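2 protein chains.
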Amino acid sequence: MRISALAATAGLPVATVKFYLREGLLHPGLASSATQASYDESHVRRLRLIRALTGAVGLSVQQARTILDLVDEPGDDLYATLGRAVSALPPAAAEPAGDEASADDPYPRARHALETLGQVYDPRFAAVAQLESALEAAESAGLPLSHDRLLAYGRSLREIAAYDLERMPQGAREAVEYTVLGTALYEPVLLALRRLAHQDIAARRELAG
Amino acid sequence: MRISALAATAGLPVATVKFYLREGLLHPGLASSATQASYDESHVRRLRLIRALTGAVGLSVQQARTILDLVDEPGDDLYATLGRAVSALPPAAAEPAGDEASADDPYPRARHALETLGQVYDPRFAAVAQLESALEAAESAGLPLSHDRLLAYGRSLREIAAYDLERMPQGAREAVEYTVLGTALYEPVLLALRRLAHQDIAARRELAG
Numbered sequence: 001m002r003i004s005a006l007a008a009t010a011g012l013p014v015a016t017v018k019f020y021l022r023e024g025l026l027h028p029g030l031a032s033s034a035t036q037a038s039y040d041e042s043h044v045r046r047l048r049l050i051r052a053l054t055g056a057v058g059l060s061v062q063q064a065r066t067i068l069d070l071v072d073e074p075g076d077d078l079y080a081t082l083g084r085a086v087s088a089l090p091p092a093a094a095e096p097a098g099d100e101a102s103a104d105d106p107y108p109r110a111r112h113a114l115e116t117l118g119q120v121y122d123p124r125f126a127a128v129a130q131l132e133s134a135l136e137a138a139e140s141a142g143l144p145l146s147h148d149r150l151l152a153y154g155r156s157l158r159e160i161a162a163y164d165l166e167r168m169p170q171g172a173r174e175a176v177e178y179t180v181l182g183t184a185l186y187e188p189v190l191l192a193l194r195r196l197a198h199q200d201i202a203a204r205r206e207l208a209g
Numbered sequence: 210m211r212i213s214a215l216a217a218t219a220g221l222p223v224a225t226v227k228f229y230l231r232e233g234l235l236h237p238g239l240a241s242s243a244t245q246a247s248y249d250e251s252h253v254r255r256l257r258l259i260r261a262l263t264g265a266v267g268l269s270v271q272q273a274r275t276i277l278d279l280v281d282e283p284g285d286d287l288y289a290t291l292g293r294a295v296s297a298l299p300p301a302a303a304e305p306a307g308d309e310a311s312a313d314d315p316y317p318r319a320r321h322a323l324e325t326l327g328q329v330y331d332p333r334f335a336a337v338a339q340l341e342s343a344l345e346a347a348e349s350a351g352l353p354l355s356h357d358r359l360l361a362y363g364r365s366l367r368e369i370a371a372y373d374l375e376r377m378p379q380g381a382r383e384a385v386e387y388t389v390l391g392t393a394l395y396e397p398v399l400l401a402l403r404r405l406a407h408q409d410i411a412a413r414r415e416l417a418g
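Protein sequence lines, in the order shown, are assigned to chains F and U. For the first sequence, the residue numbers in the numbering used here are 1 to 209. For the second sequence, the residue numbers in the numbering used here are 210 to 418.
Since the hints were made in silico from the structure, they are not lab data. In this text the structure is predicted, and so the values were computed from the model without any measurement. Yeah, the Cβ is synthetic: ideal placement off N, Cα and C, and Gly gets one too. A couple of the hints might just be wrong.
Stated by the list, open to error - Example chain U residues on the side facing chain F (calculated, C-beta under 7 Å, incomplete):
| no. | residue |
| --- | --- |
| 1 | LEU230 |
| 2 | LEU234 |
| 3 | ARG257 |
| 4 | VAL270 |
| 5 | LEU366 |
| 6 | GLU368 |
| 7 | LEU405 |
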């Protein structure tokens, strides 16, 4: 198809598609003449990915490029690639701070929580800093996460995470795409479902009481 | 204590505490002379709540006021009050849109998902619009939430929600505070824990494989 048909299929202005081509986010079409190129399903798919990253996921073009580069060149160490790709997603990791943090132990709350759950603690992974900030915020609001709550949340989220990983596609490129989009796009679904489950349980009690 | 000691205890500038007093977010102290007032633990507690709402939760002063008003006057229908308080939290509900939405059925994806889960569907509740947007975003990125995934996520999040509600304090004011802060402040904890569970499961496979 021509660029105009590609743009229409992807639901984007032609100028935007040309911009992605110039920036190298979208691979060139097959030249069909000196001034025209032909595009296929791989371009439609790529545009859908770019649109998701810069739209729903909320990345800048530069941040999207980091992830697209990992999709294009997943390398041999898929585990490290997936870690880097997820670390490129929002929220951006905050600087380690807090009274109890030190250069030796920048994420004491997250480290303790992960040790309690018996999980890998790898401070290079952005979600560790994210957990530290979240635990610190809850603590300073007077609602520290109790040991018991950590275990309850940890157990349920592990079920979700296991479900996610069981369904990861085989190919490396597909695995990176699935991990990035599945992490980012299902997060708002999870939060909405928790709030709606609160509402449902409360409504049943209300009716019962 | 005097206002300077109150500010120091709360970790806020005196000017900020005076601003909250003027705005009526913080209740006045007990007048101890024509120009001085005395503050107690209730003021420290209130400032911690205001700070959490306008800081970690990210509300504007006006949005925080909506929630503080519900804490102060929870009324007789606690269920409705909790619903209003949670609906005042981010993310702000998007306008119903999407091809399949209509005035009669503005949230078709969310309605279908809640019916599948056997949960209450009440479109006045903001999380319904939030779920609709989240499902729509996943769908247009080519990663629609499957029936099976919905059931898996729904089951695990219901466990979390049941845990949350079992621990809700008895008093109405305390219940509103707990619900608002517990909803908002534990959400980033939940998302970080999911990402870290992915990492942990993937790391174990890597080691095993």
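Evaluation of the provided hints:
no. : hint   : result
1   : LEU230 : 21 Å, violated
2   : LEU234 : 16 Å, violated
3   : ARG257 : 5 Å, holds
4   : VAL270 : 17 Å, violated
5   : LEU366 : 5 Å, holds
6   : GLU368 : 5 Å, holds
7   : LEU405 : 5 Å, holds
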